[in-house]
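Peer 1: Listed in order, the protein sequences are those of chains A and B.
Residue numbers are given in the numbering used here: position 133 of the first sequence equals residue 133, and the series is strictly consecutive.
Take the position in the second sequence, starting the count at 1, then add 1000; the result is the number in the numbering used here.
Some hints here could point you the wrong way.
[As the list claims (entries may be wrong)] Below, simulated SDA-like cross-link-like pairs (lysine to any residue); rule was C-alpha separation at most 20 Å, straight line:
id	chain 1	residue 1	chain 2	residue 2
1	B	K1029	A	C78
2	A	K43	B	E1072
3	A	K43	B	D1168
4	A	K139	A	V173
5	A	K29	B	R1022
6	B	K1127	A	P95
7	B	K1139	B	D1168
8	B	K1127	B	G1115
9	B	K1127	B	V1165
10	A	K43	B	G1115
11	A	K127	B	E1203
12	B	K1043	A	G42
13	A	K29	B	K1139
14	B	K1043	B	P1024
15	A	K29	B	G1027
Hint data in this document are derived by calculation from the structure and do not stem from the laboratory.
Protein chains: 2
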Amino acid sequence: MREAKEAASRDPIRNLIDLMARLPGVGEKSATRMAFALLGNGKEYAYTLADGIRQLVDRIQLCSRCCNLTEEDPCSICCDPDRDPAIVCVIENVPDLLAIERTHEYRGIYHVLHGALAPLEGITPDKLRIQDLLERLEKEDIQEVILATNPTVEGDSTALYLRNVLRDFPVRVTRIASGVPMGGDLEYIDRATLSRALQGRREL
Amino acid sequence: MREAKEAASRDPIRNLIDLMARLPGVGEKSATRMAFALLGNGKEYAYTLADGIRQLVDRIQLCSRCCNLTEEDPCSICCDPDRDPAIVCVIENVPDLLAIERTHEYRGIYHVLHGALAPLEGITPDKLRIQDLLERLEKEDIQEVILATNPTVEGDSTALYLRNVLRDFPVRVTRIASGVPMGGDLEYIDRATLSRALQGRREL
């Protein structure tokens, strides 16, 4: 609330530019353009946007089962009777979940970690939704955990960490395949991806 | 208000992404990143941002003299006793005004048109603050009008239009210089700019 009080005494344009510039991918210049666009587009749009921001944080919560962002708890994916609750796909963030949903291939359920391990930035296992996952493994009848964290240093270490923790549970643990993307040209693929693709080769 | 009601029944994430994507320079992808950042950064920031947007449009109005955006009417530039009210610089938009202010060179006052002529997009002279400028010329003791619209097709036609309209007034009308920018290399300057620079050559 201190921040809100300070804002009241400042120039509203400067204040909004500073606030907007904290959003990802928004710098000083684009924040300025946005502020002037808000002033030029009529009050109704600005009010609707302000309400939209409030409603977003007021109405969206974490699903108590899979930690997905949702209005209703549990979320629509956990509630879907057509999905197989025995397969749990572990992802870093909700946009990753949405990306997998867009494939229309996956019919299991999810567990959102809300990040990946990065000890140097202070993101240790207790900062992620790992404990919730272990509790689910005890309570629910889960047959397979698919580790779908990103193929980055952080995502790979998170997958490795989970692989070790999950040894204590009678569950199949798999990792999504890494390799040359579809439509890719070997000539232009980076070395790391190409060596992953070679390591992960399969019988044809 | 219809828009606000519709929003209440929709998914708050989808709703905010659509609203954000209407801001300049924001597409579907960056709007999505922003929405998830708002959900991840704690409620206080989201509330402060929503309030900042409301305050912006509630507290900022047009200066009744120069049409600058301001909290107090008339604006701080029009009220400044150190400025010369006999020189009026005409610009398209407030960001252009701020750019001129940053030079710390100009000590006259301003008139903001809020756009430039673009008849094909429906921006005719009556859509701009041209009538207000003519009224100022009648009421105030203005000696010089500097036409500082952008050196674009729209800005140039606006300057030309104003030049014609202002013939009826006993006032000096000037246009800012166009040419090779400082630090520019002739080799890389576009043809239009270079031919402007040649046309605008002066005795040394």
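Peer 1: Quickly compare the C-alpha distance for K1043 of chain B and P1024 of chain B to 20 Å and report which way the hint goes.
Peer 2: violated (25 Å)
Peer 1: For the pair supplied as a hint, K29 of chain A and K1139 of chain B, is the alpha-carbon distance within the 20 Å limit?
Peer 2: violated (37 Å)
Peer 1: Does P95 of chain A lie within 20 Å of K1127 of chain B when you go C-alpha to C-alpha?
Peer 2: Violated, at roughly 43 Å.
Peer 1: Given the hinted pair K1127 of chain B and G1115 of chain B, is their Cα-Cα distance within 20 Å?
Peer 2: Roughly 8 Å separates the two Cα atoms, so the pair holds.
Peer 1: Take the C-alpha atoms of K1139 of chain B and D1168 of chain B, compute the straight-line distance between them, and say whether it is at most 20 Å.
Peer 2: Distance ~14 Å between K1139 of chain B and D1168 of chain B Cα, so the pair holds.
Peer 1: For the pair supplied as a hint, K43 of chain A and G1115 of chain B, confirm whether the alpha-carbon distance does not exceed 20 Å.
Peer 2: Within the cut-off at roughly 19 Å; holds.
Peer 1: Does the structure keep K43 of chain A and E1072 of chain B at a Cα separation of 20 Å or less?
Peer 2: holds (18 Å)
Peer 1: Is K29 of chain A within 20 Å of G1027 of chain B, Cα to Cα?
Peer 2: Status holds; Cα separation ~16 Å.
Peer 1: For a C-alpha distance cap of 20 Å, please report whether K1127 of chain B and V1165 of chain B respect it.
Peer 2: Status holds; Cα separation ~16 Å.
Peer 1: Would you check the hint for K43 of chain A and D1168 of chain B, treating anything up to 20 Å between C-alpha atoms as holding?
Peer 2: violated (37 Å)
Peer 1: Holds or violated: K1029 of chain B and C78 of chain A, Cα atoms, limit 20 Å.
Peer 2: With Cα atoms ~26 Å apart, K1029 of chain B and C78 of chain A exceed 20 Å; violated.
Peer 1: For the pair supplied as a hint, K1043 of chain B and G42 of chain A, confirm whether the alpha-carbon distance does not exceed 20 Å.
Peer 2: Violated, at about 26 Å.
In this structure, the earlier hints numbered 1, 3, 6, 11, 12, 13, 14 are contradicted, and the remaining ones agree with it.
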